[in-house]
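Just so we're aligned, residue 126 is where the sequence shown starts under the working numbering, counting upward by one.
I should point out that these hints are in silico values taken from the structure, not numbers from a laboratory. A portion of the hints provided could be inaccurate.
As the list claims (entries may be wrong) - Below, computed lysine to any residue pairings styled on SDA-like, alpha-carbon distance capped at 20 Å:
| id | residue 1 | residue 2 |
| --- | --- | --- |
| 1 | Lys-130 | Gly-241 |
| 2 | Lys-167 | Ser-140 |
| 3 | Lys-269 | Thr-328 |
| 4 | Lys-418 | Asp-360 |
| 5 | Lys-352 | Pro-316 |
| 6 | Lys-352 | Arg-342 |
| 7 | Lys-167 | Leu-329 |
| 8 | Lys-433 | Phe-340 |
| 9 | Lys-381 | Ala-262 |
| 10 | Lys-194 | Leu-329 |
| 11 | Lys-194 | Leu-270 |
| 12 | Lys-130 | Gln-195 |
| 13 | Lys-421 | Lys-167 |
| 14 | Lys-167 | Tyr-153 |
| 15 | Lys-130 | Leu-150 |
| 16 | Lys-269 | Lys-167 |
| 17 | Lys-418 | Ile-408 |
| 18 | Lys-194 | Arg-163 |
| 19 | Lys-130 | Thr-148 |
| 20 | Lys-381 | Ala-214 |
| 21 | Lys-306 | Arg-224 |
| 22 | Lys-269 | Arg-224 |
| 23 | Lys-433 | Tyr-153 |
| 24 | Lys-306 | Asp-360 |
| 25 | Lys-130 | Asp-164 |
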Amino acid sequence: MFDNKSILITGGTGSFGKQFIRTILASYQPNRVVVFSRDELKQFEMQQEFNAPCMRYFLGDVRDAERLKQAMRGIDFVVHAAALKQVPAAEYNPTECIRTNVNGAENVINAAIENGVQKVIALSTDKASSPVNLYGATKLLSDKLFVAANNMTGSHPTRFAVVRYGNVVGSRGSVVPFFRKLIAEGATSLPVTDELMTRFWITLDQGVDFVLQGFSRMHGGELFVPKIPSVRIVDLVSAMAPGVARHIIGIRPGEKLHEMMISRDDSLHTIEFADHYVITPSIQFNSQGDYFKNGKGEVGCPAIAGFKYTSDTNSDFLSIAQLQALDSQVK
126 MFDNKSILIT
136 GGTGSFGKQF
146 IRTILASYQP
156 NRVVVFSRDE
166 LKQFEMQQEF
176 NAPCMRYFLG
186 DVRDAERLKQ
196 AMRGIDFVVH
206 AAALKQVPAA
216 EYNPTECIRT
226 NVNGAENVIN
236 AAIENGVQKV
246 IALSTDKASS
256 PVNLYGATKL
266 LSDKLFVAAN
276 NMTGSHPTRF
286 AVVRYGNVVG
296 SRGSVVPFFR
306 KLIAEGATSL
316 PVTDELMTRF
326 WITLDQGVDF
336 VLQGFSRMHG
346 GELFVPKIPS
356 VRIVDLVSAM
366 APGVARHIIG
376 IRPGEKLHEM
386 MISRDDSLHT
396 IEFADHYVIT
406 PSIQFNSQGD
416 YFKNGKGEVG
426 CPAIAGFKYT
436 SDTNSDFLSI
446 AQLQALDSQV
456 K
């Protein structure tokens, strides 16, 4: 699907962006792969690893609409991964978060339509479902913008979809590298926000693969949610540092005890497939596909009314042994 195509990823110097590009270069023969981000040092460092002839590096911010329009000229597929993601930082800097996550999303949409991009997938988060923090609220707004964008395209071919998943194992700024740092420094106790806390868990490889599958599956307007396991934070501590004590520090500003990816209200618009769910748009589009049969020919069925997908009620939890194996894999 991506052979001889041009692909742009916003926020391409992040953990997801690096793994996405690594996968694209290993599995396909793209015409161009464009990294769009605002950090020149990270781009310089990336060029040392990703220096294939098809690679391009564009300095720019998603807040800059004109620069995005320039970067998307001749682009076929876009992955929108740029965002301000730290929950406490968003609580203290709400306007900055809104400018990047909401206004930036609108700029990506307009640039894609103007340049006739074929397909755009935006990355979301479990925190966007029934949000209680500013980060989640901005990502919910972003999700809504990308879904509604399918009604803005007119005669343009561009289609938009969203992928929503949980915590990415080992991603920059997440709890796993934080715990590793403390363990390496000889910590005798690890900080835990709440002993009851649970989270959805996905590896970078799984996240990238799910996004790639989304390009094949999408009609436009879908919000894709993978079926993934949950973890108990206390099990994660036991897996990473057996025998090490833990101390309770309390939930941080804007943080949830458990995460949700599909709410009961969303269940009315949810289709279940073998390994994922699709939340269909509540609005009608002029050119709307059959959401019960995706672009890969996979067939789904309506989710049970009142269904919700939360990290504490998930039927699939990783054991301590599984977490230890996963920790070894991603080091």
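Hints and how they fare:
For the suggested pair Lys-130 and Gly-241, the alpha carbons sit about 13 Å apart, so the restraint of at most 20 Å is met. The suggested pairing of Lys-167 with Ser-140 holds, with an alpha-carbon distance near 11 Å, which does not exceed 20 Å. Distance restraint check for Lys-269 and Thr-328: the Cα-Cα separation of roughly 26 Å exceeds the 20 Å cut-off, and the hinted pair is therefore not satisfied. Pair hint Lys-418 plus Asp-360 does not hold up; C-alpha atoms about 38 Å apart against a cutoff of 20 Å.
Distance restraint check for Lys-352 and Pro-316: the Cα-Cα separation of roughly 29 Å exceeds the 20 Å cut-off, and the hinted pair is therefore not satisfied. About 16 Å separates the Cα atoms of Lys-352 and Arg-342, which keeps this hinted pair within 20 Å; it holds. With a C-alpha separation of about 19 Å, the suggested pair Lys-167 and Leu-329 falls inside the 20 Å cut-off, and the hint holds. A distance of roughly 25 Å separates the Cα atoms of Lys-433 and Phe-340; the hinted pair therefore is violated under the 20 Å criterion.
Straight-line distance between C-alpha atoms of Lys-381 and Ala-262 comes to about 13 Å, which keeps the hinted pair within the 20 Å bound. Between Lys-194 and Leu-329 the CA atoms are separated by roughly 28 Å; this puts the pair beyond 20 Å, and the hint is violated. Taking the CA atoms of Lys-194 and Leu-270, the gap is near 18 Å; set against the 20 Å cutoff, the hint holds. Restraint check for Lys-130 and Gln-195: satisfied, since their Cα atoms lie roughly 17 Å apart, inside the 20 Å limit.
A hinted pair counts as satisfied when its Cα atoms are at most 20 Å apart, and Lys-421 with Lys-167 does not qualify at roughly 36 Å. Between the alpha carbons of Lys-167 and Tyr-153 the distance comes to roughly 24 Å, so the proposed pair goes past 20 Å and is violated. Pair hint Lys-130 plus Leu-150 holds up; C-alpha atoms about 12 Å apart against a cutoff of 20 Å. Pair hint Lys-269 plus Lys-167 does not hold up; C-alpha atoms about 30 Å apart against a cutoff of 20 Å.
Restraint check for Lys-418 and Ile-408: the C-alpha separation of about 18 Å stays at or below 20 Å, so the hint holds. Only pairs whose Cα atoms come within 20 Å are accepted, and Lys-194 paired with Arg-163 is accepted, the gap being roughly 15 Å. Between Lys-130 and Thr-148, the direct Cα distance comes to roughly 15 Å. Compliance with the 20 Å bound is thereby established for this hinted pair. Restraint check for Lys-381 and Ala-214: satisfied, since their Cα atoms lie roughly 15 Å apart, inside the 20 Å limit.
Only pairs whose Cα atoms come within 20 Å are accepted, and Lys-306 paired with Arg-224 is rejected, the gap being roughly 32 Å. Between Lys-269 and Arg-224 the alpha-carbon distance is near 16 Å, which keeps this suggested pair within the 20 Å criterion. Of the pairs offered as hints, the one joining Lys-433 and Tyr-153 is violated, with about 37 Å between alpha carbons and a cut-off of 20 Å exceeded. Annotation: proposed proximity of Lys-306 to Asp-360 holds, straight-line Cα distance about 18 Å (limit 20 Å).
Proposed proximity of Lys-130 and Asp-164 is contradicted: the alpha carbons are some 25 Å apart, above 20 Å.
Of the numbered hints given earlier, the model fails hints 3, 4, 5, 8, 10, 13, 14, 16, 21, 23 and 25; all others are met.
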